[in-house]
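So the sequences go chain by chain: A, B and C. Taken in order, the first sequence gives residues 1 to 292; the numbers are from the numbering used here. Taken in order, the second sequence gives residues 1 to 320; the numbers are from the numbering used here. Taken in order, the third sequence gives residues 1 to 49; the numbers are from the numbering used here.
The set of hints was computed from the structure by calculation and includes no laboratory data. Positions of the beta carbon are idealized from the N, C-alpha and C atoms, including for glycine. Among the hints, a few may not be true.
As the list claims (entries may be wrong) - Computed beta-carbon distance windows for the label pairs:
no.	chain 1	residue 1	chain 2	residue 2	range
1	A	K108	B	K269	47 to 57 Å
2	B	A243	C	T20	40 to 50 Å
3	C	C23	A	C232	46 to 56 Å
4	A	Y120	B	N299	31 to 41 Å
5	B	N72	A	G6	20 to 30 Å
6	A	K108	B	Q38	30 to 40 Å
7	B	Q38	A	A32	48 to 58 Å
8	A	I121	B	E319	20 to 30 Å
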Amino acid sequence: MARFRGLIQAAATLATNIHLPNFAKGGIYQGAGKAVCVPGLNCYSCPAASGACPIGSFQSVVGSSKFSFSYYVTGTLILIGVLLGRFVCGFLCPFGWLQELLHKIPSKKLSTKKLKPLTYIKYAVLLFAVVLLPVLVVNDVGMGDPFFCKYICPQGVLEGAIPLSIMNVGIRSALGKLFSWKLAILIVVAVLSVLFYRPFCKWICPLGAFYALMNKVSLLGIQVDQCKCVSCGKCAKVCQMDVDVTRTPDHAECIRCGKCVGACPVDAISFRYGLGVTGDKPAQSTQACENK
Amino acid sequence: MKLSKIAALLMLPVLALTLAACSAPKGDAKGATSGDAQIAELIAQKPSSAEEAAKLYQQLLQKENEIFASDNALWEKVFLAANKDTPMIEDGKNYGDFLLDTIEGAKDQFAADELKTLKAGAQQVKEIEDKLMALEKEFPGCGSTPGEGESVDASTAGVTNGESGETKFPSFKGKDLDGNDVNSDELFSKNKVTVMNFWFTTCKPCVGELGDLEKLNKELAEKGGQVVGVNSFTLDGNKDEVADAKDVLSKKGVTYKNIWFKSDSEAGKFTSNLYSFPTTYVIDQNGNIVGEPIMGGINSAEQREALNKLIDQALAKSEQ
Amino acid sequence: MLFKAVKPVVQVALLIVGITMVCFGVMRGEADAVLAKAIRLCLECIGIG
């Protein structure tokens, strides 16, 4: 499966942005599909978007004066999280795919191993920019701003603001400081993506943060057969998310890309799906292995 | 091979970025000098048919609007002065003369070179108005039916009315949020300008500018204009939505009319097709949409200026 | 390794919680709120401004 990852990513991106003619028309899809959340980070202001971005949806629900929490979106995310975990990041998220493509540009590549503390930023982004601030910072009629969408999300600029403003004079003249700020974020993320592998997923993405928490309880897991494992360390070396799969197969940063599965010389690593799948199948004792 | 593919893929967003960065709104940089010559040329034209006359009429109108547009801030001051000091323009009096009088009356507010610009502008307006009057005399009605073919006004982002350059706002029969009947012909024809603001209840920037629109409504009332709100949630008169909208409106102290119509009516479809909010249209006395709608909140100086420009255009059209 | 024992329970519980939350959210009109926002763009909210 991991071999077809590029294809699956392309297909998922196309599926979440199926209304391509809207790019030329300069409108957006306004059908009922927009009531449903897509799994990845995909702005619903994209002319072609077929569904709603879960982060955008969550913020628009909690930002309105009627609600202060979204059961609908959280429930959807829990379901996707339990069913797939961060597999979404590795296979289905359009913005993750974009960062990967950018990383294919030949340049000096930098390791993120020493930058591990930065991976905790995304939890703060999730907690503050997505959940708390939109509810707590409100105007006189009880409405809050979608802080993440408004001030942080580079995907909104790429998929929404840029194509819409190219096709529409009115929107073009509405572009101001806010847009410049977000365009700057997009450019920084794009440049960093060339140098680092998936910097936005690792450090900023609140959706990635949620799925990261769900990774521990996801039905989809990676299993390491300790009996077969020869501790060569190739899996850890090939992992671009800085995970040592033999130690923590359900690590929050693992996006289930499957590179380690392919890299293992003794086929000790495999995808597993089902209830109660625990990452490591440790040898209770060396004897247990030998008995096999 | 693979590399070139990737490079091509990457070029797309880069291209998009550059385009977006370069396409920032361009000001009205049209030089006054070239405009002068064009105006003189237009005034010299003698149309032979009603169609030609109508076309010329529209071209002249546009030139007139360009005059105001090119020094918008200055003209703003003039219009303000006009409100306080001079009575409304008398019927039949040339609008250029009216402007000249107003400028004369408020000349201490302007620097010498500003005065020069304004007077030159007003003089041109006067000449244009004379020509317009002559045209109207020779070909009655040419001012209200714009010519076919080459459209003079830029087509709007809304519904375009294929034949003429002007786009009528789809006529409708609806109700205001208190349940009183509203019909578009009456709504528009009673006011020299109607600023139509499309919003919805859970849109924070839309709600944020309601207070400013209320102020604008008071200002416009003095000029014979109005602000009208259309809350896209309240189409078809959904009771809960109307109640929610009224709640927000009262909290924001809005007194101007907010209306709804059936979503399957032409105006309803027009509203449903809008996808960016807030959006503000300016409509003249004849029910025509003036210029391009303003998208996004009217919170920056540029947006405010753009709106004022549209309002002035609508007023100018209504005062002919 | 207590977690190992309870993991399937947690997974089933979360699936049930997830489905319940989605249903509850739809019932109180959240799906409509999402749709309303996703087809009408508040420009400032997506960083156009």
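Checked hints:
no., hint, in the structure
1, A:K108 with B:K269: 47 to 57 Å, "55 Å, holds"
2, B:A243 with C:T20: 40 to 50 Å, "30 Å, violated"
3, C:C23 with A:C232: 46 to 56 Å, "48 Å, holds"
4, A:Y120 with B:N299: 31 to 41 Å, "35 Å, holds"
5, B:N72 with A:G6: 20 to 30 Å, "53 Å, violated"
6, A:K108 with B:Q38: 30 to 40 Å, "57 Å, violated"
7, B:Q38 with A:A32: 48 to 58 Å, "51 Å, holds"
8, A:I121 with B:E319: 20 to 30 Å, "59 Å, violated"
In summary, the numbered hints that this structure violates are 2, 5, 6, 8.
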